[in-house]
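Peer 1: Each chain, letter by letter, is given below.
2 protein chains.
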Amino acid sequence: MRAALINTGTELLLGDVQDAHLAFIAREIFPLGLRIEERRTVPDTEAIRQTLAELFRRCEILFVTGGLGPTTDDITREMVAESLGLELRQDPELLNSLRRRLRIRGIKWTAGIARQSDVPAGARVFPNENGSAPGFYLEANINPRIPSPHVFVLPGPPRELQPMFQKYAIPVLRSIVGSSALLERRLYRIAGVGESLVEEAIGEKVLAIPGIELGYCARPGEVELRIIGKAEEIEPADAIITSTLGLSIFSTADETLEEVIVQLLRKHNQTLSTAESCTGGLIANRITNVPGASEIFVAGYVCYTNRAKTDMLDVDPKLIEAHGAVSDSVARALAERARACAGSDYALATTGIAGPTGGSPKKPVGTVYVGLASAEAKTVVQKFFFPTDRETFKQLVAQAALEILRRRLIEGQSSKSQAPISSESSNTNLQ
Amino acid sequence: MRAALINTGTELLLGDVQDAHLAFIAREIFPLGLRIEERRTVPDTEAIRQTLAELFRRCEILFVTGGLGPTTDDITREMVAESLGLELRQDPELLNSLRRRLRIRGIKWTAGIARQSDVPAGARVFPNENGSAPGFYLEANINPRIPSPHVFVLPGPPRELQPMFQKYAIPVLRSIVGSSALLERRLYRIAGVGESLVEEAIGEKVLAIPGIELGYCARPGEVELRIIGKAEEIEPADAIITSTLGLSIFSTADETLEEVIVQLLRKHNQTLSTAESCTGGLIANRITNVPGASEIFVAGYVCYTNRAKTDMLDVDPKLIEAHGAVSDSVARALAERARACAGSDYALATTGIAGPTGGSPKKPVGTVYVGLASAEAKTVVQKFFFPTDRETFKQLVAQAALEILRRRLIEGQSSKSQAPISSESSNTNLQ
Numbered sequence: 061m062r063a064a065l066i067n068t069g070t071e072l073l074l075g076d077v078q079d080a081h082l083a084f085i086a087r088e089i090f091p092l093g094l095r096i097e098e099r100r101t102v103p104d105t106e107a108i109r110q111t112l113a114e115l116f117r118r119c120e121i122l123f124v125t126g127g128l129g130p131t132t133d134d135i136t137r138e139m140v141a142e143s144l145g146l147e148l149r150q151d152p153e154l155l156n157s158l159r160r161r162l163r164i165r166g167i168k169w170t171a172g173i174a175r176q177s178d179v180p181a182g183a184r185v186f187p188n189e190n191g192s193a194p195g196f197y198l199e200a201n202i203n204p205r206i207p208s209p210h211v212f213v214l215p216g217p218p219r220e221l222q223p224m225f226q227k228y229a230i231p232v233l234r235s236i237v238g239s240s241a242l243l244e245r246r247l248y249r250i251a252g253v254g255e256s257l258v259e260e261a262i263g264e265k266v267l268a269i270p271g272i273e274l275g276y277c278a279r280p281g282e283v284e285l286r287i288i289g290k291a292e293e294i295e296p297a298d299a300i301i302t303s304t305l306g307l308s309i310f311s312t313a314d315e316t317l318e319e320v321i322v323q324l325l326r327k328h329n330q331t332l333s334t335a336e337s338c339t340g341g342l343i344a345n346r347i348t349n350v351p352g353a354s355e356i357f358v359a360g361y362v363c364y365t366n367r368a369k370t371d372m373l374d375v376d377p378k379l380i381e382a383h384g385a386v387s388d389s390v391a392r393a394l395a396e397r398a399r400a401c402a403g404s405d406y407a408l409a410t411t412g413i414a415g416p417t418g419g420s421p422k423k424p425v426g427t428v429y430v431g432l433a434s435a436e437a438k439t440v441v442q443k444f445f446f447p448t449d450r451e452t453f454k455q456l457v458a459q460a461a462l463e464i465l466r467r468r469l470i471e472g473q474s475s476k477s478q479a480p481i482s483s484e485s486s487n488t489n490l491q
Numbered sequence: 061m062r063a064a065l066i067n068t069g070t071e072l073l074l075g076d077v078q079d080a081h082l083a084f085i086a087r088e089i090f091p092l093g094l095r096i097e098e099r100r101t102v103p104d105t106e107a108i109r110q111t112l113a114e115l116f117r118r119c120e121i122l123f124v125t126g127g128l129g130p131t132t133d134d135i136t137r138e139m140v141a142e143s144l145g146l147e148l149r150q151d152p153e154l155l156n157s158l159r160r161r162l163r164i165r166g167i168k169w170t171a172g173i174a175r176q177s178d179v180p181a182g183a184r185v186f187p188n189e190n191g192s193a194p195g196f197y198l199e200a201n202i203n204p205r206i207p208s209p210h211v212f213v214l215p216g217p218p219r220e221l222q223p224m225f226q227k228y229a230i231p232v233l234r235s236i237v238g239s240s241a242l243l244e245r246r247l248y249r250i251a252g253v254g255e256s257l258v259e260e261a262i263g264e265k266v267l268a269i270p271g272i273e274l275g276y277c278a279r280p281g282e283v284e285l286r287i288i289g290k291a292e293e294i295e296p297a298d299a300i301i302t303s304t305l306g307l308s309i310f311s312t313a314d315e316t317l318e319e320v321i322v323q324l325l326r327k328h329n330q331t332l333s334t335a336e337s338c339t340g341g342l343i344a345n346r347i348t349n350v351p352g353a354s355e356i357f358v359a360g361y362v363c364y365t366n367r368a369k370t371d372m373l374d375v376d377p378k379l380i381e382a383h384g385a386v387s388d389s390v391a392r393a394l395a396e397r398a399r400a401c402a403g404s405d406y407a408l409a410t411t412g413i414a415g416p417t418g419g420s421p422k423k424p425v426g427t428v429y430v431g432l433a434s435a436e437a438k439t440v441v442q443k444f445f446f447p448t449d450r451e452t453f454k455q456l457v458a459q460a461a462l463e464i465l466r467r468r469l470i471e472g473q474s475s476k477s478q479a480p481i482s483s484e485s486s487n488t489n490l491q
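Line by line, the protein sequences are chains A and R. For the numbering used here, count along the first sequence from 1 and bump the result up by 60. For the numbering used here, count along the second sequence from 1 and bump the result up by 60.
Just so you know, not all the hints are guaranteed correct.
It does not matter which identical chain is used: a pair holds within one copy or between any two.
[Said to hold, decoys possible] Pairs of lysine to any residue, SDA-like flavour, derived with a Cα cap of 20 Å:
1. Lys-265 / Gly-306
2. Lys-290 / Gly-275
3. Lys-290 / Val-77
4. Lys-422 / Phe-445
5. Lys-438 / Glu-284
6. Lys-378 / Glu-199
7. Lys-443 / Arg-161
8. Lys-168 / Glu-284
9. Lys-438 / Ala-107
10. Lys-438 / Ile-135
11. Lys-422 / Leu-247
12. Lys-168 / Ser-256
13. Lys-327 / Thr-417
14. Lys-265 / Thr-302
15. Lys-265 / Glu-244
16. Lys-378 / Asn-201
17. Lys-423 / Gly-166
18. Lys-290 / Phe-90
19. Lys-423 / Ser-311
20. Lys-290 / Thr-70
Just so you know, the hints here were simulated from the structure itself, not pulled from any lab data. Fair warning: this is a prediction, and the values are worked out from it, not measured in the lab.
Let's have the full structure, built from the sequences with the hints guiding it.
Peer 2: Here it is in structure tokens:
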């Protein structure tokens with residue numbers, strides 16, 4: 061079946077907002093044997109009408125995103141209804157839940173807001189659990205007089221569209237495509253190994269399996285590996301990947317590194333604290349993004365200045381003077397002091413030079429030390445070098461720190477030392 | 061003049077690669093009064109031919125990206141030439157520079173590589189200074205028998221396309237558009253007021269100005285307002301917006317709230333500390349994302365548990381017992397203790413229920429108190445209610461806290477109190 065996507069939004073065509081929907085929807089529908097064969101981005105104007113008319117004739121499944129909000133430039137709902145010759149009817153249930161939503165939030169009711177409860181006659185409503193504008197689905201040829209594909213109309217904000225798509229659109233799509241050419245897809249999230257090294261390790265062997273499709277996606281300090289194929293192709297590929305990459309795979313369930321760590325700590329009733337200099341709270345923020353983090357996260361010290369290192373954690377000023385704030389000894393002291401002050405089982409510490417300024421010939425921008433203190437083993441400190449922009453630097457350091465902790469947690473209390481990990485691919489020990 | 065963009069590339073439609081060209085080209089051509097009115101993404105197939113034919117009829121300027129490389133799936137060059145009825149001719153100069161380039165890099169010569177020196181008869185070549193495949197420009201109606209727009213064919217890799225576009229395409233575009241209808245664009249980033257309320261406040265008045273274009277983009281705790289028009293239209297619109305929204309506008313230079321705050325604090329040589337419970341380090345993380353933050357950010361206390369509130373900041377356990385950790389009094393205490401411990405001029409504190417668990421009838425998930433302590437005025441505490449997913453909750457709270465601080469900083473030392481703000485705005489006082 062031919063699928064197409066229309067992204068509406070003047071802001072997209074002005075370059076103010078980067079579209080995220082094509083990549084997301086393409087990956088979601090691929091396992092159903094569906095591919096987007098054409099994507100069009102059009103402004104919030106009459107152009108929507110013309111594009112709908114053209115694509116109605118050209119595909120069996122059509123996704124339309126954006127333009128469902130309360131403001132005057134949100135006209136997608138109206139254009140879709142008109143193009144299909146369907147009347148817009150106010151859905152009383154939607155209206156009530158909208159009113160509820162706004163009352164709860166103390167948002168003033170405006171005329172525009174009510175429009176979000178209008179839906180084309182015969183549409184199946186997709187509730188929006190993360191925003192106010194619902195999405196909807198219109199079956200193929202819903203108006204016998206106007207030949208049309210299956211049409212899915214979805215809100216623009218990714219955080220609204222994505223959960224809605226997975227929860228409501230995917231089941232409808234399944235019933236449309238049936239269980240014919242179903243493909244399986246597996247994801248492997250890998251930390252501490254560079255993309256090129258992952259490919260070198262498993263690329264050829266996996267691609268030697270006929271029919272298998274292999275994809276890589278590199279993020280700061282992380283590689284996402286994707287295989288797609290029929291069950292009988294997936295299994296041998298999975299065997300190669302898991303046996304080769306071993307412990308470097310931190311999730312096969314698309315979990316984040318912080319989610320995995322919170323699970324591991326909760327399982328062992330253990331706790332964590334952090335002493336962050338160069339990451340400035342990013343590690344604590346990532347950990348506390350995970351529901352249930354409060355059970356395992358005790359305290360986070362963001363000791364950005366030297367004085368804070370001394371005031372908050374009692375790090376000896378002489379130590380900082382002697383070795384500099386960005387040093388093995390200070391990373392060690394931060395981790396051990398944080399663990400002591402917070403009374404946690406583990407403590408992670410970071411100290412480094414994020415830049416753009418503050419570097420020196422001996423310690424250039426990108427230099428960073430990560431420390432892990434724990435009860436069962438002596439404190440480990442690892443040095444990394446991430447010469448990049450400030451935000452990427454912070455992400456790489458946080459990722460490296462969390463991975464050091466994860467390795468410790470899965471290698472268990474027994475091990476007194478651990479293989480060094482690296483977010484660059486200098487590391488050949490993939491186990 | 062109507063401009064359109066075709067992105068070729070099967071990988072784009074599989075979601076393996078994020079397109080960067082639309083945003084880049086849109087911003088580059090905007091100052092010339094040009095806008096992309098339609099963008100199509102098509103696979104490396106016959107679809108390119110059909111799309112070219114359709115857009116030839118629809119625009120005066122057409123950009124085509126990707127598919128110029130040496131591999132078999134690179135067919136854009138051939139499709140463009142065919143569509144215009146132009147012969148492909150090998151350019152001896154290009155062929156030589158290609159050979160030179162490969163020799164220098166010790167890359168083996170293949171038949172495919174030579175194709176990159178083929179150009180349609182009459183094309184103006186754009187040298188590729190960062191890769192091997194050149195781009196080219198074909199003037200409108202280059203083949204009198206086939207009506208066609210100005211066509212710009214550009215390589216896929218952004219690092220090749222972008223410098224080529226700026227150095228070679230822009231001058232050609234300038235000569236095409238002349239210095240006629242140049243448009244201006246202004247952006248306003250607004251915090252503390254909801255999207256609907258912003259529209260209610262300025263929408264009608266601004267749209268009453270003939271020719272002006274108005275756009276909204278909502279983000280957690282923030283609205284981005286965009287106006288486009290000729291200078292004589294922009295000025296009155298700008299006057300309406302700035303006079304109506306006043307202090308709610310935190311940037312007209314596309315800065316983030318944290319960038320604005322770091323600037324303000326640096327300007328006054330003032331410092332900040334944070335005591336974050338429910339935001340878990342997000343505020344510290346955002347502040348420390350800004351280069352130069354080390355000059356103004358002293359310390360961040362992520363006191364997630366009750367014990368941490370007492371251990372780190374000496375908050376009286378009886379206070380927590382009496383009012384609960386999520387309360388006006390504890391928010392106040394956290395802010396004041398953080399300011400005292402860190403010795404900073406200002407301190408922001410957050411305490412709330414991020415959920416999904418931990419709510420109660422009296423304090424449901426989404427309840428949060430934000431405190432601001434300072435030298436010059438008594439501590440202010442504001443209550444908010446953000447019933448949403450955990451990460452959005454944290455973003456909304458961080459945004460509200462930063463906005464409370466920004467208002468204080470711009471209202472200056474003098475003011476002893478301030479108008480309450482709200483990230484979803486029950487607030488009608490837009491000043």
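Peer 1: Taking the hints in turn, state whether each one holds.
Peer 2: To see whether the hints hold, each was checked on the structure:
Taking CA atoms no more than 20 Å apart as the test, Lys-265 paired with Gly-306 passes inside one copy only; the shortest distance there is 15 Å, against 62 Å between copies. In this assembly of identical chains, the alpha carbons of Lys-290 and Gly-275 lie at most 20 Å apart only when taken from the same copy (15 Å versus 46 Å across copies). Neither within a single protomer nor between protomers do Lys-290 and Val-77 lie at most 20 Å apart by alpha-carbon distance, with minima of 36 Å and 23 Å respectively. For a Cα distance limit of 20 Å, the shortest separation of Lys-422 from Phe-445 inside one copy, 12 Å, qualifies, whereas the shortest one across copies, 49 Å, does not.
For a Cα distance limit of 20 Å, the shortest separation of Lys-438 from Glu-284 qualifies neither inside one copy, at 32 Å, nor across copies, at 50 Å. In this homomeric assembly, Lys-378 and Glu-199 never come within 20 Å of each other (Cα to Cα): the closest approach is 72 Å inside a single copy and 61 Å across copies. Within a single copy, Lys-443 and Arg-161 get their C-alpha atoms only as close as 49 Å, which misses the 20 Å cut-off; across copies the closest is 18 Å, which meets it. Taking the shortest alpha-carbon separations for Lys-168 and Glu-284, only the inter-copy value of 19 Å comes in at or below 20 Å, while the best intra-copy value is 43 Å.
Taking the shortest Cα distances, Lys-438 and Ala-107 never come within 20 Å of each other, neither inside one copy (65 Å) nor across copies (55 Å). In this assembly of identical chains, Lys-438 and Ile-135 lie within 20 Å of each other by CA distance neither inside one copy nor across copies; the values are 62 Å within and 47 Å between. Within a single copy, Lys-422 and Leu-247 get their C-alpha atoms no closer than 41 Å, and across copies no closer than 42 Å, so neither meets the 20 Å cut-off. Proximity of Lys-168 to Ser-256 under the C-alpha cut-off of 20 Å is restricted to the inter-copy arrangement: shortest distance 8 Å between copies versus 53 Å within a copy.
Taking the shortest alpha-carbon separations for Lys-327 and Thr-417, only the inter-copy value of 19 Å comes in at or below 20 Å, while the best intra-copy value is 42 Å. Taking the shortest Cα distances, Lys-265 and Thr-302 sit within 20 Å of each other inside one copy (12 Å), while across copies they are farther apart (62 Å). Taking the shortest Cα distances, Lys-265 and Glu-244 sit within 20 Å of each other inside one copy (19 Å), while across copies they are farther apart (54 Å). Taking CA atoms no more than 20 Å apart as the test, Lys-378 paired with Asn-201 passes in neither setting, with 77 Å inside one copy and 66 Å between copies.
In this homomeric assembly, Lys-423 and Gly-166 come within 20 Å of each other (Cα to Cα) only across copies, at 16 Å, whereas the closest approach inside a single copy is 52 Å. In this homomeric assembly, Lys-290 and Phe-90 come within 20 Å of each other (Cα to Cα) only inside a single copy, at 12 Å, whereas the closest approach across copies is 45 Å. In the homo-oligomer, the alpha carbons of Lys-423 and Ser-311 never lie at most 20 Å apart, since the shortest distance is 34 Å inside one protomer and 35 Å across protomers. Taking the shortest Cα distances, Lys-290 and Thr-70 sit within 20 Å of each other only across copies (18 Å), while inside one copy they are farther apart (39 Å).
Checked against the numbered hints above, the structure violates hints 3, 5, 6, 9, 10, 11, 16 and 19; every other hint is satisfied.
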